[in-house]
Amino acid sequence: MQILFMILAAIALSSGVLVVFQRHPMRSALYLIVNFFAVAGMYLLAHAEFIAAVQIIVYAGAIMVLFLFVIMLLNLRLPEEEAKPPHVLQKIVGITLSVFVALLLIYGFSQARLPAPGKEAAAGIGNTEAVARALFTDYLLPFEVTSVLLLVAIVGAVVLAKQKLK
Amino acid sequence: MVVPLEHYLGVSVALFALGVIGVLVRRNVLVILMCVEMMLNAVNLAFIGFADYFKAVDGQMFVFFVMTVAAAEVAVGLALVVAIFRNRATVYVDDLNLLKW
Numbered sequence: 001m002q003i004l005f006m007i008l009a010a011i012a013l014s015s016g017v018l019v020v021f022q023r024h025p026m027r028s029a030l031y032l033i034v035n036f037f038a039v040a041g042m043y044l045l046a047h048a049e050f051i052a053a054v055q056i057i058v059y060a061g062a063i064m065v066l067f068l069f070v071i072m073l074l075n076l077r078l079p080e081e082e083a084k085p086p087h088v089l090q091k092i093v094g095i096t097l098s099v100f101v102a103l104l105l106i107y108g109f110s111q112a113r114l115p116a117p118g119k120e121a122a123a124g125i126g127n128t129e130a131v132a133r134a135l136f137t138d139y140l141l142p143f144e145v146t147s148v149l150l151l152v153a154i155v156g157a158v159v160l161a162k163q164k165l166k
Numbered sequence: 167m168v169v170p171l172e173h174y175l176g177v178s179v180a181l182f183a184l185g186v187i188g189v190l191v192r193r194n195v196l197v198i199l200m201c202v203e204m205m206l207n208a209v210n211l212a213f214i215g216f217a218d219y220f221k222a223v224d225g226q227m228f229v230f231f232v233m234t235v236a237a238a239e240v241a242v243g244l245a246l247v248v249a250i251f252r253n254r255a256t257v258y259v260d261d262l263n264l265l266k267w
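Sequence order for the protein chains is F and C.
Each residue of the first sequence is one higher than the last, beginning at 1 in the working numbering.
Each residue of the second sequence is one higher than the last, beginning at 167 in the working numbering.
Treat the hints as calculated values from the structure; they're not laboratory data.
Since this is a predicted model, take the numbers as computed values, not measurements.
There may be inaccurate statements among the hints.
[Claimed, not checked] Beyond 12 Å from chain F on every Cβ pair, some chain C residues (computed): (1) 191; (2) 223; (3) 266.
[Stated by the list, open to error] A few chain C positions that, by computed beta-carbon distances, are all more than 10 Å from chain F: (4) 184; (5) 233; (6) 265.
[Stated by the list, open to error] Here chain C is said to cover these stretches of chain F; the calculated rule only asks that three of the stretch's residues, wherever they fall, bring their Cβ under 8 Å from a Cβ of chain C: (7) 13-20; (8) 38-48; (9) 51-57; (10) 100-112; (11) 145-156.
For each residue, glycine too, the CB sits at the ideal point set by N, CA and C.
The following block holds chain C by itself, in its conformation from the complex:
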């Protein structure tokens, strides 16, 4: 254990909070998707920190699967963005209020 677990968890929490800020504050749906990626990365970092702490490889397995899901999510999400842009000519979430009460 060269780097203590607390350091990994601290950086992970900070990155996750930054991602939450981005999702809540930004209005460009592409930037929101990027911030979701950053939050997934923060969780991966916590998994890797725990995997290093317990000297177990299981944490790395979870990171592997999270990455796969993230790749699938980005592919479908960006396809949705392109489809919405084709119909509505906007990428700002304020303008996409069709499903709002």
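Chain F with its partners taken away, still in its complex shape:
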């Protein structure tokens, strides 16, 4: 299990690096799909089977198809960042700042005092069943608000992408 996790982490991190440093957005999108699959594998190792399935269906399926669709729709023939010289200062400052953020996060996590780990869940209750039970009892109101949010997003996307009617 540990070895499997390490392999998945290596895949996720290397594909993440490739997402950031590819020239063409299409290749970035394809590597991001690899990244999402590796993260879904890590969810499986954490006994979150339902979330892993949703990750593959929603992220690697729906969201990335939307990205690829828009990239093809805009038809960006030229690779990025050839017309202008690359901003060296921007790169240096960006990488320095993000390393600083990472160090800050690591410091915060190392200072945190965690309570003892939880007990094993009751036998016989699968992950999907437990998620469904929590979703439709304790988290019912957020669940319903989510549907309103999705409706608003659909309306907003349609209004923004609509051609102006002359």
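Position chain C relative to chain F; hints supplied.
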């Protein structure tokens, strides 16, 4: 607890930092949106790690809602990109400086 919590948090921090690099360094707005997705994924990974640590299902609920918000954000964000491209014929954030002081 098969995989310790520290491993999950380490991978999560690394992925988040990679996303920050992408947002700060890249200039294609599509790649910036993808890096935002990667940062959301890193946070989800931390949530799942904690959910596994505490053997509670609440962390998975949060991941569920974060995914929903991410899907809504991508739909609206990409619609904005298409609208901007239609008006300005560019996807590079350097060229979109109309609101800059």
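Here is how each hint holds up against the structure:
1. With a least beta-carbon separation of about 4 Å from chain F, residue 191 of chain C fails to lie farther than 12 Å from that chain, contradicting its non-interface assignment.
2. Its beta-carbon lying about 5 Å from the closest one in chain F, residue 223 of chain C breaks the requirement of being farther than 12 Å from that chain.
3. No beta-carbon of chain F is positioned within 12 Å of the beta-carbon of residue 266 of chain C; the least distance is around 15 Å.
4. Some Cβ of chain F comes within 10 Å of the Cβ of residue 184 of chain C; the nearest lies about 4 Å off, and the non-interface call is violated.
5. With 10 Å as the threshold on Cβ separation, the claim that residue 233 of chain C sits away from chain F is violated: the shortest Cβ distance comes to roughly 6 Å.
6. Listed as outside the interface, residue 265 of chain C is consistent with that label: its C-beta sits roughly 17 Å from the nearest C-beta of chain F, beyond the 10 Å cut-off.
7. Proximity of the region 13-20 of chain F to chain C, defined as three or more residues with a beta carbon under 8 Å from a beta carbon of that chain, is established by the 5 residues found.
8. Closer than 8 Å: that is the beta-carbon criterion, and the region 38-48 of chain F has 7 residues meeting it against chain C, so the requirement of 3 holds.
9. Check result for the region 51-57 of chain F against chain C: holds, 3 residues qualifying (beta carbon to beta carbon below 8 Å, three or more required).
10. Only residues whose beta carbon comes within less than 8 Å of a beta carbon in chain C count, and the region 100-112 of chain F has 5; three or more means the coverage holds.
11. Restraint check on the region 145-156 of chain F versus chain C: 7 residues with Cβ-Cβ distances below 8 Å, three needed, restraint holds.
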